[in-house]
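Enquirer: Protein chains in written order, with this note's numbering: chain G, 1 to 167; chain R, 1 to 203.
FYI, nobody ran anything at the bench for these hints, they're computed from the structure. Be careful, since some hints might not be right.
[To be verified] Straight-line Cα separation of at most 27 angstroms, BS3-like style, residue types lysine-lysine; simulated pairs:
#	chain 1	residue 1	chain 2	residue 2
1	G	Lys119	R	Lys198
2	G	Lys4	R	Lys40
3	G	Lys156	G	Lys112
4	G	Lys13	R	Lys123
5	R	Lys103	R	Lys123
6	R	Lys103	G	Lys4
7	G	Lys160	R	Lys200
8	R	Lys200	G	Lys112
9	R	Lys47	R	Lys100
10	R	Lys40	G	Lys3
11	R	Lys100	G	Lys4
12	G	Lys156	R	Lys200
13	R	Lys103	R	Lys129
14	R	Lys47	G	Lys112
15	R	Lys103	G	Lys3
16	R	Lys100	G	Lys3
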Amino acid sequence: MTKKEELFASIYKDYRDKIYRICYGYIYQKDDVDDLFQEVMTNVWNSLDSFRGESQIGTWVYRVAVNSAIFYNRKFKNYQSAKSNLFKEQLGDEPIYDTTDPNSDRLNSLAKAISQLEKQDRLIISLVLEGLPYEEIAEIVGITANYVGVKVSRIKNQLKNLLKDEQ
Amino acid sequence: MNNSNDFAELQALWVSKGATTVSTPQKPEAMSSITDRLRKFQSFQDKINRIKLIALILIITTTMPTALMASNTLYTIAGLALIVAGTAIFFGYYLRNQFKMSKLPFGKPTNEFIEAALALLTKQNAIFKSPFVLFSVALGIGANLLVWSMLENEVMLERIQIHLFISGMIAASTTIGYLIRLWRIRNEVYPIMDELVKIKESL
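Let's have the full structure, built from the sequences with the hints guiding it.
Expert: Structure follows, in structure tokens:
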């Protein structure tokens, strides 16, 4: 394996689930989530050469995920058919959240509520749910940590209302 | 979600669920198959770009000697030079933008990424402003100069008819090309740009 392949393999191993959850929070539809996940991983691979270690690898990976989600548009892609099977074997067709699990209803309500937020808010709350500190979110998005705090508090309120409506 | 404990609970649920239901590939060969496919996909993209460039060079290098063999008057040379220059400028601009688009800075902070993406998309759309007008005009004048030199011995009325026909064909094909591209830009690029502007304003 080359250095690039080794780095990609370790990113894939460590961040696959995290990225997948961010995609899920952003889109909430299985087919599109898979598609966006592939887009993110392809962008990680293509951008690896430009990674100079100026930020933590995790911050960099989240940036690629967030920016790919923002730029994601099915119609816009030129190589959709060629790209569609890159990760298919690894993803499979099973539902993301097990419906037999007693918590799955709650989790699906949460994902559905997130999907009703503004696009940029979906990404920010997904990063918060991943447990990232405001400082790191600020580094990913490019705004101040204080402003992240203000935004998160507003998003949490919105989420609370959406979850209340769900019940 | 009444308090921060509720949010912490949702957070724990969110993180644990994804980790248990989405399994990472255990076998090393699964990982190498992914990197294999990524490498192949990247080389597929590179190949497509190379094929475009080679096709352009081939068209130019085969058309020029053929036309020069048919007639090598000053009009032919001027006509060919205009067509080649117009085509090279237009497709050079197009390929350069395509290349830059494939190198979007996804690893930059979102606000910087949005700025870069908007600038590139705007530049990409601008190809159908002056570069396309220049290309169409160069093609029109160049083709008419070629026809002029080839029909030197024909009757004036016939020459005028052929010039009108050639000009009409070029005008029609460039207009159709322009309209198709405009339709694609409106349907595919503008929605992304609107979305990016909206996100940029909200950050």
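Enquirer: Would you mind marking each hint as holding or not holding in the structure?
Expert: Hint by hint, here is what the structure shows:
no.: 1; hint: G:Lys119 / R:Lys198; verdict: holds (10 angstroms)
no.: 2; hint: G:Lys4 / R:Lys40; verdict: holds (15 angstroms)
no.: 3; hint: G:Lys156 / G:Lys112; verdict: holds (14 angstroms)
no.: 4; hint: G:Lys13 / R:Lys123; verdict: violated (37 angstroms)
no.: 5; hint: R:Lys103 / R:Lys123; verdict: holds (14 angstroms)
no.: 6; hint: R:Lys103 / G:Lys4; verdict: holds (17 angstroms)
no.: 7; hint: G:Lys160 / R:Lys200; verdict: holds (25 angstroms)
no.: 8; hint: R:Lys200 / G:Lys112; verdict: holds (24 angstroms)
no.: 9; hint: R:Lys47 / R:Lys100; verdict: holds (16 angstroms)
no.: 10; hint: R:Lys40 / G:Lys3; verdict: holds (17 angstroms)
no.: 11; hint: R:Lys100 / G:Lys4; verdict: holds (22 angstroms)
no.: 12; hint: G:Lys156 / R:Lys200; verdict: holds (21 angstroms)
no.: 13; hint: R:Lys103 / R:Lys129; verdict: holds (23 angstroms)
no.: 14; hint: R:Lys47 / G:Lys112; verdict: violated (41 angstroms)
no.: 15; hint: R:Lys103 / G:Lys3; verdict: holds (20 angstroms)
no.: 16; hint: R:Lys100 / G:Lys3; verdict: holds (25 angstroms)
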